Amino acid sequence: MTADKQAFSQAHLIGIEPLSVEEIETILDLSDYYADRLDEKAFRPDILRGRIILTLFFEDSTRTRTSFEMAAKRLGADVVNIDIDQSSVKKGESLLDTVLTLHAMLRPDAIIIRHKEYGAPGFIAQHVDCPVINAGDSWREHPTQALLDALTIRRRKGRLEGLNIAICGDVAHSRVAHANMPLLSKMGAHVRVIAPPTLIPDKFPVDGIKTFDSLEEGLKDCDIVMALRLQKERMEEGLVQSEQSYFAAYGLTLEKLKHAKPDVLVMHPGPMNRGVEIADEVADDPDRSLILEQVRNGVPVRMAVLDLLLTKQ
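Everything in the sequence shown is counted per our numbering, starting at -1 for the first residue and increasing by one.
Bear in mind the hints are in silico, worked out from the structure with no lab data behind them. For clarity, every value in this text was computed on a predicted model and none was experimentally measured. Incorrect hints may appear among the rest.
Claimed, not checked - Below, a list of computed lysine-lysine pairs in the DSSO-like style, where the Cα atoms sit at most 30 Å apart:
#  : residue 1 : residue 2
1  : K201      : K184
2  : K259      : K310
3  : K39       : K208
4  : K218      : K310
5  : K114      : K39
6  : K310      : K256
7  : K218      : K201
8  : K310      : K254
9  : K208      : K218
10 : K114      : K71
11 : K155      : K184
12 : K184      : K218
13 : K184      : K208
14 : K254      : K184
15 : K310      : K71
16 : K218      : K254
17 : K114      : K184
18 : K254      : K3
19 : K114      : K218
20 : K208      : K155
21 : K218      : K256
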């Protein structure tokens, strides 16, 4: 194992901004170690045996929740998933009271939380005595998604530094974009966004992000294109004329990808809207699509995060 665990000093994983380059590299190096062993059925390090991981997902999730659960179990932890639809939240209990009640009852060693409110994981971290991991809040950030995206790129391209990476689609409402921009920039990549003007935020989380409202112009010299889902549940009506017009202008097709580098690779955090953000021919392309690799890499990245946060306690 090449990861230097001593380089990681965070008590929580709330966002990308607090992480140093060395800490990001530590997470990615340890993730590499776990990713190389993911198919080894006998690989059960059990370093978290006896630990309790509490997951609180106040928004629907398949990939993130399942991969966190698998990561915890691969490390030997016990996982407690709370069904929010059946919880006291539905009776009007506050977020903090719900968390403090569960914290008193379970004494968890870590809490993984996804919530629609801006800054909810950071708020909870101020009131509990265990690590809190942000599994997505509002459209602010989704740090483990950015980390698994970085791992996926690094394992295929061998590096992040110097790559031209385009984030294409509903950037304004995407927590994935708002986590990827600072992480990829910190690691030396050249990040640009491609979107209609109505879906470009007024402010980016870091400086130096180039913007394009033409897909063809924005794809020039790109090594990686990351498509984003249209976040209709978060946007006002009228920001996109129609799904058909959006796909015509911004949907990724093999023809449009000819404007990028010949060996360009395509990503999507999911869930995908085929025929809206991305064509079947691109999503299913065995040479270009990294989408299933992203899904796979969610487990080793979250194993690495849990390892780093909990084994120093």
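**Asked** Holds or violated: are the alpha carbons of K208 and K218 at most 30 Å from each other?
**Response** holds, 12 Å
**Prompt:** Is the straight-line distance between the alpha-carbon of K310 and that of K254 30 Å or less?
**Reply:** violated, 48 Å
**Item:** Given pair status - K39, K114, alpha carbons within 30 Å
**Value:** violated, 36 Å
**Asked** Regarding the pair K254 and K3, is the alpha-carbon distance no greater than 30 Å?
**Response** violated, 42 Å
**Request:** Verify the proposed pairing of K184 with K218, using a straight-line Cα cut of 30 Å.
**Result:** holds, 22 Å
**Request:** Below or equal to 30 Å on CA atoms is what counts here, so check K208 against K155.
**Result:** holds, 22 Å
**Request:** Please work out if K254 and K184 have their alpha carbons no farther apart than 30 Å.
**Result:** holds, 29 Å
**Item:** Restraint check for K114 with K218, where alpha carbons must lie at most 30 Å apart
**Value:** Not satisfied, since the Cα-Cα distance of roughly 35 Å exceeds 30 Å.
**Message:** For a C-alpha distance cap of 30 Å, please report whether K310 and K256 respect it.
**Reply:** Violated, because 48 Å separates the two Cα atoms, which is more than 30 Å.
**Prompt:** Is the Cα-Cα distance between K155 and K184 30 Å or less?
**Reply:** Roughly 17 Å between the alpha carbons, so the hint for K155 and K184 holds.
**Asked** Can the restraint linking K114 and K71 be considered satisfied, given a maximum Cα separation of 30 Å?
**Response** holds, 26 Å
**Message:** So if I understand the rule, the pair passes when the alpha-carbon distance is 30 Å or less; does K218 with K310 pass?
**Reply:** Violated: K218 and K310 sit about 45 Å apart, past 30 Å.
Against the hints set out earlier in the document, violations occur for numbers 2, 3, 4, 5, 6, 8, 18 and 19.
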